[in-house]
Amino acid sequence: MKKSLYAGAISPQKIADSIAHHQVKTNIGAHDIFLGQVRADEIAEKKVVAIDYSCYEEMAEKVFHEIREAAFEKFDLTCLHIYHSIGIVKAGELCLFVFTSSRHRKMAMDACRFIVEEIKLKAPVFGKEVFEDMTHQWKVNS
Amino acid sequence: MKKSLYAGAISPQKIADSIAHHQVKTNIGAHDIFLGQVRADEIAEKKVVAIDYSCYEEMAEKVFHEIREAAFEKFDLTCLHIYHSIGIVKAGELCLFVFTSSRHRKMAMDACRFIVEEIKLKAPVFGKEVFEDMTHQWKVNS
Amino acid sequence: MNITILFFGMLAEETRTSVLELNTASLKLRDLENEVLNLFPVLKKLTYGIAVNEIIVQSNVKLSPGSKVAFLPPFAGG
Amino acid sequence: MNITILFFGMLAEETRTSVLELNTASLKLRDLENEVLNLFPVLKKLTYGIAVNEIIVQSNVKLSPGSKVAFLPPFAGG
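From first to last, the protein sequence lines stand for chains A, B, C and D.
Quick note on numbering: the working numbering labels position 131 of the first sequence as 131, and the sequence is numbered without any gaps.
Quick note on numbering: the working numbering labels position 33 of the second sequence as 33, and the sequence is numbered without any gaps.
Quick note on numbering: the working numbering labels position 72 of the third sequence as 72, and the sequence is numbered without any gaps.
Quick note on numbering: the working numbering labels position 32 of the fourth sequence as 32, and the sequence is numbered without any gaps.
Please note that the accuracy of each hint is not assured.
[To be verified] With a straight-line Cα cutoff of 30 Å, these simulated DSS-like cross-link-like pairs (lysine-lysine) come out:
1. D/K28 with D/K44
2. B/K3 with A/K74
3. D/K28 with B/K122
4. A/K106 with B/K106
5. C/K44 with A/K46
Note that these hints are calculated values from the structure, not bench results.
With these hints in hand, go ahead and build the complete structure from the sequences.
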């Protein structure tokens with residue numbers, strides 16, 4: 001089973017490498033990439049400097065796998081990659097990388113949106129928002 | 001006025017650099033990236049090896065500018081970049097790079113889709129599909 | 001029978017526990033849940049969902065020896 | 001008056017012309033279009049749109065000295 005959990009922040013270079021790998025697949029006409037980036041939100045006058053992500057690992061990988069299978073079922077995709085950070089991701093760094101590829105744009109875009117919504121809803125991933133003074137609060141998806 | 005026309009294929013490295021530049025903007029929570037890739041379609045048993053893009057340059061830049069303005073008007077975006085290749089782009093290479101950033105995912109994704117559709121519809125860009133034997137046919141958006 | 005109890009995120013922080021092997025007489029999930037709430041009263045004021053063997057369950061399922069029962073705080077992925 | 005005629009893509013290929021300075025008596029777009037169709041009859045069997053001064057026009061607009069009239073084949077961007 002392909003792993004989706006990724007230790008630490010996702011680098012722009014990893015994204016470039018992933019895009020480059022798809023240039024041999026000449027039946028692809030469209031890619032859609034969604035990236036989640038950690039915001040330096042201010043909460044009660046304290047600034048978020050990082051999110052420390054943890055998860056229920058076995059369940060999370062299973063959920064990512066099911067989301068991937070469901071996306072291939074629903075949409076006519078050539079390729080699909082999902083990476084979610086675990087561990088510390090600083091404000092401004094990337095914590096989620098969803099990459100869909102298809103012959104046509106509509107499929108790639110519809111699939112990408114579906115996957116992002118499914119991850120938010122179903123992946124047992126937990127985020128500790130760490131403030132400048134090293135206090136923290138637990139993030140909840142809205 | 002920011003230029004959107006770009007000489008030749010768009011490299012994965014350019015995309016990585018563009019993503020990296022946004023890591024200082026810590027009010028961004030979501031990026032959406034759409035990439036158009038040239039397909040090696042087979043047409044009447046001949047394989048497309050490249051598309052040679054040309055355009056009505058002054059008008060195209062004006063149209064890209066208007067699409068950008070309309071997107072900022074319609075969606076709550078932090079950043080927005082559009083690059084379209086002009087000249088030869090080989091099969092497997094990237095010819096379009098649309099990059100939207102926002103606090104929240106919905107805005108970034110809605111804007112990205114809007115922009116891609118607007119470009120297809122309104123940008124005076126013309127594509128010559130070049131075959132292996134160097135014959136060609138003119139591409140028409142479907 | 002032996003059941004593995006797992007806590008994550010805020011729940012692990014509040015209970016100061018992440019894994020617990022419980023020898024229980026509870027045969028069904030709601031009985032076990034009450035047992036756990038009595039052990040960790042702090043859970044009563046927290047929001048959580050429950051996964052049995054890595055699958056989210058809403059109903060009062062039967063448990064088997066070795067079942068893994070995970071208490072999950074609100075998700076924050078993506 | 002002098003009008004600049006521009007052809008792009010397939011139209012430039014078929015007319016073997018990309019820019020043309022035309023000294024014309026046509027005051028309105030449809031008259032000019034007919035003049036151009038007579039000069040390049042090949043255009044009659046091709047699909048095109050027209051932009052005057054970089055803006056797509058559907059109606060029979062008035063032309064001014066120095067207007068740029070572009071004949072545009074179907075778009076293929078994106």
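Consistency of the hints with the structure:
Simply put, D/K28 and D/K44 have alpha-carbon atoms about 19 Å apart, close enough for the 30 Å limit, and the pair holds. Taking the CA atoms of B/K3 and A/K74, the gap is near 37 Å; set against the 30 Å cutoff, the hint is violated. With a C-alpha separation of about 24 Å, the suggested pairing of D/K28 with B/K122 holds against the 30 Å cut-off. In summary, the hint linking A/K106 to B/K106 is supported, as the alpha carbons are separated by about 16 Å, within the 30 Å threshold.
Proposed proximity of C/K44 and A/K46 is supported: the alpha carbons are some 28 Å apart, at most 30 Å.
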